[in-house]
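In terms of the numbering used here, the sequence shown opens at residue 112 and continues consecutively.
Calculated directly from the structure, the hints in this document are not laboratory data. There may be inaccurate statements among the hints.
As the list claims (entries may be wrong) - Listed below are the simulated SDA-like cross-link pairs for lysine to any residue, each with C-alpha atoms no more than 20 Å apart in a straight line: (1) 268 with 141; (2) 268 with 306; (3) 268 with 129; (4) 306 with 180.
Unchecked claim - The following label-pair restraints were derived from C-beta to C-beta distances: (5) 189 with 233: 18 to 24 Å; (6) 293 with 167: 14 to 20 Å; (7) 308 with 199: 35 to 41 Å.
Even for Gly, the Cβ is constructed at its ideal location relative to N, Cα and C.
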Amino acid sequence: MSIKRPVYPPFSPLNELDLVTGFYGVQESRALYKQLLEENAWPDNHYEVDGRRFELPRQQTWHADPGIRYSYSNNLLQTRPWTPLLQSIRQRVERAAGARFNSVLVNLYRTGDDYVGWHADDEPELGQAPLIASLTLGASRTFAWQHRDSHEEGRMKLHSGTVLLMRPGFQHHWFHCIPRDPDIREGRINLTFRKVIPQE
112 MSIKRPVYPP FSPLNELDLV TGFYGVQESR ALYKQLLEEN AWPDNHYEVD
162 GRRFELPRQQ TWHADPGIRY SYSNNLLQTR PWTPLLQSIR QRVERAAGAR
212 FNSVLVNLYR TGDDYVGWHA DDEPELGQAP LIASLTLGAS RTFAWQHRDS
262 HEEGRMKLHS GTVLLMRPGF QHHWFHCIPR DPDIREGRIN LTFRKVIPQE
């Protein structure tokens, strides 16, 4: 396992990203992907906002410590308890990140037709300095970013078994997405660990 941390130009988004390669080996990554795919009770991928029904272009579950609530795109996610598997992954991710997380969003991209659009993880529940750890299992997918003001863009490939650490400044200055890729027919499971701050 190694963290790629070269020197980048000032204001580069890569100053706010740490890529941990080899976090899980090939065989262990495959086993974890298969276990999550089979054990996780994936819900219907429809949701409602302001009385309107939408189809989410992926499937997802939300797991958190007791009392932790989180809304994503104004949609309050149903909180599920941690499974033993997710707990063990969380502990390993926390050691690598040097931080504590109280929740995880588990996304299943069934093929390259599933995606997530441009967004920033800057909801009020994440506080002023959100640190997010993103674990990829399964198919390699492109992670793209775009500056909020200049619209400068960049991208990198996230391979199975890698962890991407998104530092607080990344959410403040950049949007990111996982674009659709119709050439990919395999699935990917992505776990984004975060610390939600209870709102009064």
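A quick look at each hint next to the structure:
1. 268 with 141: holds (18 Å)
2. 268 with 306: Distance ~25 Å between residue 268 and residue 306 Cα, so the pair is violated.
3. 268 with 129: holds (13 Å)
4. 306 with 180: Cα-Cα ~11 Å, so holds.
5. 189 with 233: 18 to 24 Å: Because 22 Å falls inside the window, the suggested range holds.
6. 293 with 167: 14 to 20 Å: Since residue 293 and residue 167 have Cβ atoms about 18 Å apart, the given range 14 to 20 Å holds.
7. 308 with 199: 35 to 41 Å: violated (25 Å)
In summary, the numbered hints that this structure violates are 2, 7.
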